[in-house]
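Engineer: Spelled out from the first residue to the last, the chains are:
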Amino acid sequence: MKKLGTFHIVFLLFLGNFLAPGGFTDLYAQDAKKNSVRLKADYVKIMGGEIYVNIRATSKIDNQNIDVPNLEINVYNEYEDEEIPLGKTITDSRGKSKFVIGGLQAIKPDSTNTYNLGVSFEGNNDFKRASGSVSFKNADIKAELITKDSVNYIAATLSDTFADSLLAEKSLVIQVQRLFSPLKIGEEFNFTDENGAILVAIEDGIPGIDGNLNIEVVLDDSDDYGTVKAIVNAPIGKPIVEESSFDQRTLWSPRNKTPFFILLFTGGLIFGTWGVIIYLFTNLVRLTKS
Amino acid sequence: MGDHTKKERRKFLDNGLKLGIAAAIGGLGISKITSKLNANTEHNSGEKMELMTVDGTLIEVDSSEVMEVQHAEDHDQKYNVREGMPNRKFVMVIDLAKCKNALKCQQSCNKHHYITGDNAWLKVYKMQEEKDTAPYWMPTTCMHCDQPACVTVCPVDATFKRKDGLVLIDNERCIGCRFCMAACPYSTRVFNWSEPNQEFTLNMDMVNHQYSPEHSGMPSVKGTVDKCDFCPHQVQKNELPHCVTACPNGVFYFGDKYEDTVNNGEETVRLSKLLEEKAGYRLMDSLGTEPSVYYLPPVDRLVDFEDGLEEYNEFKSVDKPE
Amino acid sequence: MINYDVLLKDLAPKKFSKRGMTWVIFLVIIIVAGIIAYIDQLRQGQVVTNMRDYVLWGIYISNFVFFVATSFVGSVAVAILRLTKNPWRTPFVRIAEIITVAAIVMAGITIVIDMARPDRLLNLFIHARLQSPITWDVIIIPTYMVISMLLLYFPLIPDFAILKKHFEKTKPKWSKWYGKLSLKWTGSAAQKAIHAKSIAIISIMIIPVGLLLQTIDAWLFSTTYRVGWDSTNFAPYFISGAFVAGIGSLVVVIYVVRKAKKLEAYITDFHFDKLGKLLVLACLIYLYFNINEYVIPLFNSKKADSEHLKTLFSGDYSIPFWIVTIGGLVIPILVLLFKKGRKPFPMLIAGIMVVIGAWWKRYIIVTPTLMHPFLPIQGVPESWHSYFPSLHEWLITSATLAMALLIITLLVRYLPIIPIQRTMDEQEMFKTENIAEL
Numbered sequence: 001m002k003k004l005g006t007f008h009i010v011f012l013l014f015l016g017n018f019l020a021p022g023g024f025t026d027l028y029a030q031d032a033k034k035n036s037v038r039l040k041a042d043y044v045k046i047m048g049g050e051i052y053v054n055i056r057a058t059s060k061i062d063n064q065n066i067d068v069p070n071l072e073i074n075v076y077n078e079y080e081d082e083e084i085p086l087g088k089t090i091t092d093s094r095g096k097s098k099f100v101i102g103g104l105q106a107i108k109p110d111s112t113n114t115y116n117l118g119v120s121f122e123g124n125n126d127f128k129r130a131s132g133s134v135s136f137k138n139a140d141i142k143a144e145l146i147t148k149d150s151v152n153y154i155a156a157t158l159s160d161t162f163a164d165s166l167l168a169e170k171s172l173v174i175q176v177q178r179l180f181s182p183l184k185i186g187e188e189f190n191f192t193d194e195n196g197a198i199l200v201a202i203e204d205g206i207p208g209i210d211g212n213l214n215i216e217v218v219l220d221d222s223d224d225y226g227t228v229k230a231i232v233n234a235p236i237g238k239p240i241v242e243e244s245s246f247d248q249r250t251l252w253s254p255r256n257k258t259p260f261f262i263l264l265f266t267g268g269l270i271f272g273t274w275g276v277i278i279y280l281f282t283n284l285v286r287l288t289k290s
Numbered sequence: 001m002g003d004h005t006k007k008e009r010r011k012f013l014d015n016g017l018k019l020g021i022a023a024a025i026g027g028l029g030i031s032k033i034t035s036k037l038n039a040n041t042e043h044n045s046g047e048k049m050e051l052m053t054v055d056g057t058l059i060e061v062d063s064s065e066v067m068e069v070q071h072a073e074d075h076d077q078k079y080n081v082r083e084g085m086p087n088r089k090f091v092m093v094i095d096l097a098k099c100k101n102a103l104k105c106q107q108s109c110n111k112h113h114y115i116t117g118d119n120a121w122l123k124v125y126k127m128q129e130e131k132d133t134a135p136y137w138m139p140t141t142c143m144h145c146d147q148p149a150c151v152t153v154c155p156v157d158a159t160f161k162r163k164d165g166l167v168l169i170d171n172e173r174c175i176g177c178r179f180c181m182a183a184c185p186y187s188t189r190v191f192n193w194s195e196p197n198q199e200f201t202l203n204m205d206m207v208n209h210q211y212s213p214e215h216s217g218m219p220s221v222k223g224t225v226d227k228c229d230f231c232p233h234q235v236q237k238n239e240l241p242h243c244v245t246a247c248p249n250g251v252f253y254f255g256d257k258y259e260d261t262v263n264n265g266e267e268t269v270r271l272s273k274l275l276e277e278k279a280g281y282r283l284m285d286s287l288g289t290e291p292s293v294y295y296l297p298p299v300d301r302l303v304d305f306e307d308g309l310e311e312y313n314e315f316k317s318v319d320k321p322e
Numbered sequence: 001m002i003n004y005d006v007l008l009k010d011l012a013p014k015k016f017s018k019r020g021m022t023w024v025i026f027l028v029i030i031i032v033a034g035i036i037a038y039i040d041q042l043r044q045g046q047v048v049t050n051m052r053d054y055v056l057w058g059i060y061i062s063n064f065v066f067f068v069a070t071s072f073v074g075s076v077a078v079a080i081l082r083l084t085k086n087p088w089r090t091p092f093v094r095i096a097e098i099i100t101v102a103a104i105v106m107a108g109i110t111i112v113i114d115m116a117r118p119d120r121l122l123n124l125f126i127h128a129r130l131q132s133p134i135t136w137d138v139i140i141i142p143t144y145m146v147i148s149m150l151l152l153y154f155p156l157i158p159d160f161a162i163l164k165k166h167f168e169k170t171k172p173k174w175s176k177w178y179g180k181l182s183l184k185w186t187g188s189a190a191q192k193a194i195h196a197k198s199i200a201i202i203s204i205m206i207i208p209v210g211l212l213l214q215t216i217d218a219w220l221f222s223t224t225y226r227v228g229w230d231s232t233n234f235a236p237y238f239i240s241g242a243f244v245a246g247i248g249s250l251v252v253v254i255y256v257v258r259k260a261k262k263l264e265a266y267i268t269d270f271h272f273d274k275l276g277k278l279l280v281l282a283c284l285i286y287l288y289f290n291i292n293e294y295v296i297p298l299f300n301s302k303k304a305d306s307e308h309l310k311t312l313f314s315g316d317y318s319i320p321f322w323i324v325t326i327g328g329l330v331i332p333i334l335v336l337l338f339k340k341g342r343k344p345f346p347m348l349i350a351g352i353m354v355v356i357g358a359w360w361k362r363y364i365i366v367t368p369t370l371m372h373p374f375l376p377i378q379g380v381p382e383s384w385h386s387y388f389p390s391l392h393e394w395l396i397t398s399a400t401l402a403m404a405l406l407i408i409t410l411l412v413r414y415l416p417i418i419p420i421q422r423t424m425d426e427q428e429m430f431k432t433e434n435i436a437e438l
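Residue numbers (my numbering), protein chains in the order written: chain A, 1 to 290; chain B, 1 to 322; chain C, 1 to 438.
Quick caveat, the hints were computed from the structure, so don't treat them as lab data. Cβ coordinates follow ideal geometry from the N, Cα and C atoms, glycine included. Treat the hints with caution; some may be incorrect.
Said to hold, decoys possible - If we take Cβ atoms under 10 Å as the criterion, some of the chain A residues that face chain C in the derived model are:
| id | residue |
| --- | --- |
| 1 | Ile240 |
| 2 | Val241 |
| 3 | Thr250 |
| 4 | Leu251 |
| 5 | Trp252 |
| 6 | Ser253 |
| 7 | Pro254 |
| 8 | Thr258 |
| 9 | Gly267 |
| 10 | Trp274 |
| 11 | Val276 |
| 12 | Ile277 |
| 13 | Phe281 |
| 14 | Val285 |
| 15 | Lys289 |
| 16 | Ser290 |
Stated by the list, open to error - The calculated DSBU-like cross-link candidates involving lysine-lysine, where the alpha carbons are at most 30 Å apart (straight line), are:
| id | chain 1 | residue 1 | chain 2 | residue 2 |
| --- | --- | --- | --- | --- |
| 17 | B | Lys131 | C | Lys310 |
| 18 | B | Lys126 | C | Lys303 |
| 19 | C | Lys310 | A | Lys289 |
| 20 | A | Lys137 | A | Lys108 |
| 21 | A | Lys88 | B | Lys237 |
| 22 | B | Lys98 | B | Lys78 |
| 23 | B | Lys126 | C | Lys310 |
| 24 | A | Lys148 | B | Lys273 |
| 25 | B | Lys278 | C | Lys303 |
| 26 | C | Lys176 | A | Lys289 |
| 27 | A | Lys229 | A | Lys98 |
| 28 | C | Lys15 | C | Lys259 |
Produce the complete structure using the sequences and hints provided.
Structural biologist: So this is what it looks like as structure tokens:
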């Protein structure tokens with residue numbers, strides 16, 4: 001254009017205002033406002049029980065890791081470059097979710113007999129898409145209670161299911177189920193021997209309801225096998241004796257369990273005194289009448 | 001002829017340019033407006049929500065302030081609230097060798113029980129028995145005594161002792177006579193002398209919550225008494241009380257005496273072993289209250305007493321919002 | 001020998017003088033101020049008092065204890081003196097009964113003022129736990145209230161009959177009311193029998209109930225662990241304190257009523273002398289218990305006890321403590337030990353000192369102990385380290401005291417303040433005895 005008329009200049013300047021950096025960063029800010037999510041998946045197998053994946057979603061906001069609730073997670077089985085969907089789950093208020101797998105028959109392993117599972121999140125207004133994965137091989141723990149020379153032991157064997165081989169030199173944790181967190185017994189590290197077996201003595205005197213102890217033998221968070229847990233019910237604990245005075249008549253009991261002495265004494269005094277008072281009132285009536 | 005086409009081309013380009021820029025501006029403009037709209041619904045748009053306060057009045061709150069806060073939903077009470085969880089006896093162990101008055105326990109307790117008064121339920125005392133003995137920090141909670149003086153003197157059964165060891169308060173029954181406070185030798189009970197003003201922090205969380213003595217402070221009631229409840233609302237979820245998890249030094253252990261196991265958030269240990277190894281004792285035992293809180297004496301201290309002086313405030317135990 | 005008509009004229013209720021009206025209006029103003037303050041307390045909560053988590057009981061409770069102690073006068077001046085056959089009690093038994101009723105009624109009201117949730121008052125009955133000392137209090141106070149009202153009412157019946165006749169022409173409406181209250185009393189033998197038996201029963205019953213009332217009041221404190229309260233001495237200490245407070249109040253009210261109603265002929269120097277001896281006896285016994293309570297713990301110097309006593313003797317509470325002990329106990333004893341001190345006017349002064357001392361003594365019992373909990377006072381505002389009652393507390397407490405005085409004033413106004421029938425009977429007996437002797 002040879003000559004830009006004033007109108008054009010004004011128009012261009014006018015436009016230029018809008019095209020100022022503010023405008024563009026606004027667009028960028030929209031995208032940059034979304035936070036990234038980290039998905040972590042762990043595999044847990046309970047012998048004779050559930051098989052599940054523990055999913056945890058966290059995000060770094062303002063330099064703090066926070067749990068992200070209410071994210072819809074897709075769980076799928078990665079097999080031969082395919083993603084076979086297994087189901088969906090939503091993270092709870094603490095960003096966690098437990099996804100139960102019906103049985104290992106429901107998923108297909110790869111050629112190395114490793115099961116590969118993936119978890120993904122499609123993203124929403126606040127968070128970017130994310131994904132995670134977990135791979136594991138199938139392992140078994142067979143555990144039982146043995147008594148030898150009046151000492152109680154937990155005998156356990158760890159094996160790789162597919163290869164049917166016993167796994168040696170793996171550290172197992174032996175623990176008693178307790179209220180918040182299990183109580184470890186045995187050594188800090190209990191390594192399986194060349195037969196994939198361990199023998200751990202159980203100390204006497206661990207209390208349990210009716211003497212029952214639930215003892216767990218755990219392969220904890222192993223790289224190849226995930227977490228495998230076998231639970232043994234061992235009725236060798238010390239039965240719990242209730243110490244509470246709740247059912248007794250005490251000074252601090254509720255009113256339906258008042259100590260007899262107080263009941264009788266106060267009751268007697270009240271009835272005695274008020275009986276006389278009532279008699280006095282009847283006297284007033286008699287007085288009027290006579 | 002050429003001139004005419006040139007003019008037409010100019011005009012076409014001119015128009016094209018205008019149109020293009022207009023489109024660009026329009027697009028930018030629209031995106032800006034929509035983003036502003038979206039932003040507004042996220043940050044103080046003025047969009048309000050109506051919520052009901054604890055005493056039944058309706059208030060309006062900006063919808064951006066309504067966040068879901070994690071807390072115990074209503075549980076299926078499988079046990080009577082006045083009887084307690086079956087087969088449990090809760091105890092706490094406080095390791096004085098590790099306490100350096102970080103006060104995280106107190107802050108967590110204050111926050112999760114919506115404490116708005118001037119007296120915290122969990123107090124960390126600066127103790128020094130004699131001028132010649134060494135000072136130390138001593139956190140105290142309610143001792144949940146097995147022979148509770150406070151329960152004995154309550155005239156209306158508002159405070160009660162459960163089978164699982166907890167001593168709880170029914171704020172809907174309390175008549176505010178304060179005899180329990182006079183009877184408690186550990187000075188652990190606090191009183192709501194005025195309306196507790198919990199509306200702003202508490203309101204959102206009250207939406208699905210029904211009052212229960214198992215979660216003290218939800219809500220606090222004017223003219224009644226409050227104290228540490230050993231967080232049964234946490235234990236129901238299989239979680240440790242707030243002070244236990246908040247302490248950065250592992251001072252608090254909590255557990256079931258029948259299981260002989262206590263947990264400080266990291267270690268799980270046998271109670272009897274802990275008490276034996278570290279010579280556990282109970283506070284003012286000779287009074288015969290049979291407290292459920294054991295103390296481990298400040299031997300082989302892991303921290304210096306002086307480190308705690310920084311956080312020490314003789315006249316304040318609850319942080320008030322500005 | 002006073003003849004019947006003069007007796008009646010002297011003892012029958014008269015209209016209020018201007019002074020009387022002024023007094024009543026003064027009391028009503030104080031009461032109204034207190035009610036306003038109480039409504040504010042209900043609205044805002046007890047934050048309007050200066051009680052906080054450490055000093056959790058303040059002058060509401062010490063005022064309550066004072067009223068309970070004063071209400072003992074009925075048991076003493078009426079029942080105990082009757083049992084011990086002291087006929088000189090006749091002129092003032094009614095005043096004693098009136099003070100008792102006023103005091104116990106106000107005790108019941110005062111304790112409800114201290115409750116932070118009076119809307120839940122019924123819980124004390126519906127959910128009552130018999131193991132709690134407060135429940136015992138809830139039982140004994142209404143019981144004592146009813147008995148002391150009966151003790152006031154029964155002897156009034158013959159007097160109401162007399163007054164009905166007396167006012168038949170001059171004030172027919174009053175006459176009707178007195179008539180109703182006299183329950184058709186004719187003085188027949190049958191009525192007299194029932195009447196005498198009933199009074200005998202009440203007089204005997206009020207003594208153990210009165211003692212139990214003072215004891216339970218003491219047990220509110222001594223069933224706790226607190227230093228200064230956890231004392232095996234407390235129940236008898238409170239009982240003897242009640243003797244002192246009761247008789248002290250009796251002396252003051254008798255003096256005022258006697259002056260106002262010109263009853264010098266009926267309540268003479270002799271009566272004051274006797275009452276003075278009774279009061280000094282009560283004070284001496286009380287002094288004995290005080291020594292047990294405050295001096296003996298010094299001997300083994302248990303840390304907590306020593307600290308508490310130091311606070312009372314030389315610390316924050318030393319001024320009220322010594323004023324109460326010296327001014328409220330020792331000086332009255334010294335005055336009353338001498339015959340000159342048992343004349344009406346010195347008795348009034350001694351009585352006033354005793355009563356004021358008794359009120360502040362309860363403050364000394366309740367508050368200093370609460371400032372010495374077992375664990376140090378930390379983590380609370382500095383103002384919580386001390387206690388002085390707030391304006392609301394003073395207004396409400398003054399209102400309760402004014403209300404007690406108002407009840408006494410109104411009862412004194414409308415009831416024959418000296419038992420008319422009995423005085424006549426005794427005069428008759430005196431006359432016949434004299435004749436018999438002649």
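Engineer: Next step is simple, just say for each hint if it's right about the structure.
Structural biologist: How the hints compare with the structure:
no.: 1; hint: Ile240; verdict: 29 Å, violated
no.: 2; hint: Val241; verdict: 26 Å, violated
no.: 3; hint: Thr250; verdict: 8 Å, holds
no.: 4; hint: Leu251; verdict: 5 Å, holds
no.: 5; hint: Trp252; verdict: 7 Å, holds
no.: 6; hint: Ser253; verdict: 7 Å, holds
no.: 7; hint: Pro254; verdict: 7 Å, holds
no.: 8; hint: Thr258; verdict: 5 Å, holds
no.: 9; hint: Gly267; verdict: 8 Å, holds
no.: 10; hint: Trp274; verdict: 7 Å, holds
no.: 11; hint: Val276; verdict: 6 Å, holds
no.: 12; hint: Ile277; verdict: 6 Å, holds
no.: 13; hint: Phe281; verdict: 8 Å, holds
no.: 14; hint: Val285; verdict: 9 Å, holds
no.: 15; hint: Lys289; verdict: 8 Å, holds
no.: 16; hint: Ser290; verdict: 4 Å, holds
no.: 17; hint: Lys131/B with Lys310/C; verdict: 19 Å, holds
no.: 18; hint: Lys126/B with Lys303/C; verdict: 19 Å, holds
no.: 19; hint: Lys310/C with Lys289/A; verdict: 64 Å, violated
no.: 20; hint: Lys137/A with Lys108/A; verdict: 11 Å, holds
no.: 21; hint: Lys88/A with Lys237/B; verdict: 24 Å, holds
no.: 22; hint: Lys98/B with Lys78/B; verdict: 37 Å, violated
no.: 23; hint: Lys126/B with Lys310/C; verdict: 23 Å, holds
no.: 24; hint: Lys148/A with Lys273/B; verdict: 26 Å, holds
no.: 25; hint: Lys278/B with Lys303/C; verdict: 28 Å, holds
no.: 26; hint: Lys176/C with Lys289/A; verdict: 18 Å, holds
no.: 27; hint: Lys229/A with Lys98/A; verdict: 16 Å, holds
no.: 28; hint: Lys15/C with Lys259/C; verdict: 15 Å, holds
Going down the numbered hints, you'll see the structure goes against 1, 2, 19 and 22, while the others check out.
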